[in-house]
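**Q** Keeping their order, the protein sequence lines are chains W and E. Under the numbering used here, the residues of the first sequence are numbered 1 to 148, in order. Under the numbering used here, the residues of the second sequence are numbered 149 to 296, in order.
Think of the hints as simulated: they come from the structure by calculation, not from any bench. Backbone N, C-alpha and C define an ideal beta-carbon position, used for all residues, glycine too. Take these hints with a grain of salt, some might be off.
In silico SDA-like pairs for lysine to any residue, Cα to Cα no more than 20 Å straight-line [what the hints assert, rightly or not]: (1) E:274 / W:66; (2) W:91 / E:273; (3) E:239 / W:1; (4) W:26 / E:228; (5) E:266 / E:220; (6) W:66 / W:26.
Per the computed footprint, the stretches of chain W lying under chain E, defined by three or more beta-carbons under 8 Å from a beta-carbon of chain E, are [what the hints assert, rightly or not]: (7) 69-76; (8) 88-98.
There are 2 protein chains.
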Amino acid sequence: MANVTFASEVTWSGNGVLSTADVQGKKFNIDEPRELGGTDQAPNPVEYLLGALGGCINVLVTSFAKQFSVEVKDLSVHIEGDLDPDGFQGKNPNVRPGYQEIRYRIDIDSPSPDENVKALIEHVEKVCPVKDTLQGTAVKNLNYISAT
Amino acid sequence: MANVTFASEVTWSGNGVLSTADVQGKKFNIDEPRELGGTDQAPNPVEYLLGALGGCINVLVTSFAKQFSVEVKDLSVHIEGDLDPDGFQGKNPNVRPGYQEIRYRIDIDSPSPDENVKALIEHVEKVCPVKDTLQGTAVKNLNYISAT
Chain W
1 MANVTFASEV
11 TWSGNGVLST
21 ADVQGKKFNI
31 DEPRELGGTD
41 QAPNPVEYLL
51 GALGGCINVL
61 VTSFAKQFSV
71 EVKDLSVHIE
81 GDLDPDGFQG
91 KNPNVRPGYQ
101 EIRYRIDIDS
111 PSPDENVKAL
121 IEHVEKVCPV
131 KDTLQGTAVK
141 NLNYISAT
Chain E
149 MANVTFASEV
159 TWSGNGVLST
169 ADVQGKKFNI
179 DEPRELGGTD
189 QAPNPVEYLL
199 GALGGCINVL
209 VTSFAKQFSV
219 EVKDLSVHIE
229 GDLDPDGFQG
239 KNPNVRPGYQ
249 EIRYRIDIDS
259 PSPDENVKAL
269 IEHVEKVCPV
279 KDTLQGTAVK
289 NLNYISAT
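Produce the complete structure using the sequences and hints provided.
**A** Shown next as structure tokens:
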């Protein structure tokens, strides 16, 4: 299949660091806690990465469950990631700005045979777009535009 | 500084592929369009990645503006990424499931000298946690738990 291009416009509110992302009319706010100059109204950017990973795993588990003969009664994913603020605050050039590591745990309530559940999870981990993207994607600046 | 650990719980709604991410009490929904089995109520996981990148750039531009003597009147980021559905649908093992590439364009309205704006943007690109994370982070499965 040809590539699908997803896109978003993220506009600064003019208030602190608060921004709103618009994805084809669906909107969500991005903020920071007060200690990072925000007003703590919404998750921050790195928290959205974790939620996106959990959401992606849930989408795939529920979408592929039938194919692996798995009945899903309940499903949640715990995701966590370690980040050293010295990196993005520019205090230590030896510290990477992003997550050092991201970890997740899938909690699935299913009466189906454990081998089916295991096969489903292994498949989901192999085809998860968010997991794959986080593990290494080229991110390019098209350019920046300064209007005066 | 020591690492800060961010975390999120993402719980399946029981309805289609819709999930809700909870980040310390702040919640957002994750869905898919109808053609991917969703009800199109919220952005999908890979769209959240783009919004997170734009939000992160905006946070950093506005946070570091003063340090680079840049006045920001208006600011938005356009982000786009190409993804071939054959990858996550398991139709072609040679296609990666995640984004092939992510691109962004920063639109900044500033009366400040262009060299200041340029230096600010270069700094932001260097210290952006989301950009850095997307470019390659270890993502580990702690384990999965199947309750019967």
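**Q** Next step is simple, just say for each hint if it's right about the structure.
**A** Okay, the hints, checked on the actual structure:
no.	hint	verdict
1	E:274 / W:66	violated, 44 Å
2	W:91 / E:273	holds, 15 Å
3	E:239 / W:1	holds, 9 Å
4	W:26 / E:228	holds, 15 Å
5	E:266 / E:220	holds, 13 Å
6	W:66 / W:26	violated, 29 Å
7	69-76	holds (count 4)
8	88-98	holds (count 7)
Hint compliance for this structure: hints 1, 6 are broken, all remaining hints hold.
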